[in-house]
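S.K.: The primary structure of each chain is shown beneath.
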Amino acid sequence: MESSGYLWTAFSLAWALVFGYVLLLINRQRGLRHDIEALKATLKEKEGRK
Amino acid sequence: MTFWRKVFTITWKDALSEMRTREIIFTVLVFTLLIFVLFSFAFGSNPETMSLVAPGLLWVTFAFSGVLSLNRAFIPEKEQGCLEGLMVCPVSREVIYAGKMLSSLLFMLIIEAIALPTFAFLFNLPVLSLQLIVITILTTIGFVAVGTLFSALAVNTKAREMVLPILFFPIIAPIIIGAVNASGSALAGEPWQNMLSWLQIIAAFDVIFLVVPFLIFAFVIEE
Amino acid sequence: MKSKILLWVSLLLMVFNFYMIFIYAPIEREMGIVQKIFYLMVPAGWLALLSFVIVLIGSILYLVKRESRWDALAFSAAETGIVFTTMTLIVGSTWARPVWGVWWVWEPRLTATLVLWLIYLAYFLVRSFTAEESRAARFSAIVGIVGAIDVPIVILAIVVWRTQHPPALIFQGGLAPEMLQALMVSIAAFTVLYVLILIQRVSLKNDATEIARLKGLLRED
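Protein chains in written order, with the working numbering: chain A, 5 to 54; chain B, 6 to 228; chain C, 39 to 259.
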């Protein structure tokens with residue numbers, strides 16, 4: 005690999021890591037939103053039963 | 006004054022228990038010697054190679070046997086419920102830390118006192134110098150200072166004794182580096198000046214990791 | 039609102055940073071264009087260390103106050119910390135190959151970063167191997183404190199050790215003023231990005247803890 009190839013590899017890997025982590029966080033946030041909706045539904049159900 | 010009396014009571018209890026069962030010292034000692042033999046298979050065919058790798062070999066072995074010995078500091082307590090018993094006594098958590106640390110130190114020093122001459126005998130190296138003894142004592146203090154804290158922590162996790170090496174080895178990296186380099190100088194018969202910076206690093210580590218675990222040990226065994 | 043501003047600042051700063059690195063900063067004499075990896079490695083290494091300081095602060099505050107938001111801070115800093123430590127290792131390795139011909143060298147910065155990475159790993163392993171959530175937080179706080187205090191000694195020992203057998207310096211050319219400016223911009227840009235990510239991670243962890251708590255309450259009914 006020519007010298008500048010390593011430069012691009014380094015930058016690509018670094019940014020892939022950052023974006024990968026950010027995507028992971030976004031996914032987790034989606035999961036949490038889903039949990040909140042489920043909780044809200046359960047709460048409504050409980051209110052309904054009372 | 007009663008602080009030290011309580012500490013020594015705990016240390017003495019461990020020592021008595023060990024004298025009866027000889028669990029720790031015997032098994033760890035055999036383990037240590039077996040590792041020496043194993044390393045001789047790895048490097049022993051060439052005596053020059055052997056004198057090159059001797060310091061590293063010595064301290065890797067002591068690190069492994071250290072973990073073995075430190076694991077025993079709290080596992081029997083946990084299994085037989087002695088830890089709860091200890092905590093019910095009117096002793097501060099710091100006393101338990103100091104007592105356990107000193108008993109681990111005692112056991113490790115006894116093991117090293119036997120392992121070092123054996124090492125000298127097997128590999129024909131001058132390990133019985135005052136320098137090496139000082140290095141060994143200083144480094145072992147560092148081992149038990151951190152190891153006692155982590156041992157108490159590890160025992161309370163799901164993976165128990167497997168956790169201790171994961172915690173222990175990265176943290177003691179500085180004193181392993183220090184001990185190996187200082188031992189290398191000592192085995193080469195160099196004067197004290199050459200190893201001064203290493204001894205300072207080990208000593209600084211000891212001071213810091215005697216104080217910090219002492220202060221935060223209570224957080225490990227609160228319940 | 040604040041995070042929107044932060045996002046835009048981060049974006050703009052990073053674009054400016056790319057300009058600085060690739061256009062403004064001169065190409066180093068000896069290593070050529072590969073030297074520009076430097077502008078990635080220094081910020082990554084700096085953030086790896088900064089994270090550990092935050093882990094230390096969060097851990098101490100958690101042990102003292104027992105409020106889960108401090109544990110959230112420590113945990114989030116540890117997670118972002120290990121991401122940037124991994125980045126330092128990967129980038130460092132990719133740089134070592136063209137410069138020294140090998141994928142790994144035991145030079146001081148890389149060696150110390152590897153030990154740092156292992157301490158971060160220990161933080162997460164202890165956390166996952168501990169049964170109950172508050173105990174896990176407590177134990178990882180202890181690991182965080184001991185680890186953070188260890189880091190300076192690790193660096194000291196490794197530097198003294200490797201200075202005995204000095205490898206080739208990172209680069210002999212020295213730092214031109216434009217290079218220093220580009221480096222400062224890069225550190226600033228990555229730090230802003232780091233803060234942005236950290237804030238998001240902390241709020242995520244706090245939300246997760248709250249949801250778990252609510253679930254527990256609901257189950258009791």
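One or more hints might be untrue.
Unchecked claim - Below, in silico cross-link-like pairs of lysine-lysine (DSSO-like), each with a Cα-Cα straight-line distance of 27 Å or less:
hint : chain 1 : residue 1 : chain 2 : residue 2
1    : A       : Lys44     : C       : Lys253
2    : A       : Lys50     : C       : Lys253
3    : B       : Lys163    : C       : Lys103
No wet-lab data here; the hints were simulated from the structure. Just so we're clear, the structure is a prediction, and the values are computed from it rather than from any experiment.
S.K.: Next step is simple, just say for each hint if it's right about the structure.
M.R.: Hint-by-hint comparison with the structure:
Of the pairs offered as hints, the one joining A/Lys44 and C/Lys253 holds, with about 11 Å between alpha carbons and a cut-off of 27 Å not exceeded. Proximity of A/Lys50 to C/Lys253 is assessed by CA-CA distance (about 13 Å); at most 27 Å being required, the pair is judged to hold. Between B/Lys163 and C/Lys103 the CA atoms are separated by roughly 26 Å; this keeps the pair inside 27 Å, and the hint holds.
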